[in-house]
Amino acid sequence: GRDDRNNGNGNGGGMFQPVLIDHAASFRSEAFVSMEHENAFQTGATTCVGSKTYLRLRFLDLKAITAEFEGLLSEKEMHTLLARRNTVLGYLDRLVQEQG
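Numbering (this note's numbering), first residue to last: 1 to 100.
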């Protein structure tokens, strides 16, 4: 298997279940991760994602988030997650518009 440096940070589990990583810091108002920043692999900004990832983000909505995280996240945290999804999609959409 593949080593995961966040292995001890998750809560959840099976192959198709959501896993919360670094969830203690995820919803702080001052915590913001930009896809334009250096990534974890030290290869620069994220400028490409797979179509499957993009489409899953595009169709992720509050209903789906609530279905998966109700009881684990507050309503405010679920809205924050949706807002971050919108930020990521906005970034990716701008890349497509600029670079094709």
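Everything labelled a hint here was simulated from the structure, so no lab data went into it. Among these hints, one or two may not hold up.
[Stated by the list, open to error] Quick list of the computed label-pair ranges, beta carbon to beta carbon:
#1 Glu98 <-> Thr53: 18 to 28 Å
#2 Arg56 <-> Gly100: 27 to 37 Å
#3 Gly100 <-> Glu70: 10 to 20 Å
#4 Ser74 <-> Gln42: 13 to 23 Å
#5 Leu57 <-> Gln99: 11 to 21 Å
#6 Glu38 <-> Ala67: 27 to 37 Å
Because the structure is a prediction, the values reported are computed rather than measured. The beta carbon of each residue, even a glycine, is placed where N, CA and C say it ideally should be.
Hints, verified against the model:
no., hint, in the structure
1, Glu98 <-> Thr53: 18 to 28 Å, "holds (19 Å)"
2, Arg56 <-> Gly100: 27 to 37 Å, "violated (22 Å)"
3, Gly100 <-> Glu70: 10 to 20 Å, "violated (39 Å)"
4, Ser74 <-> Gln42: 13 to 23 Å, "violated (34 Å)"
5, Leu57 <-> Gln99: 11 to 21 Å, "holds (18 Å)"
6, Glu38 <-> Ala67: 27 to 37 Å, "holds (34 Å)"
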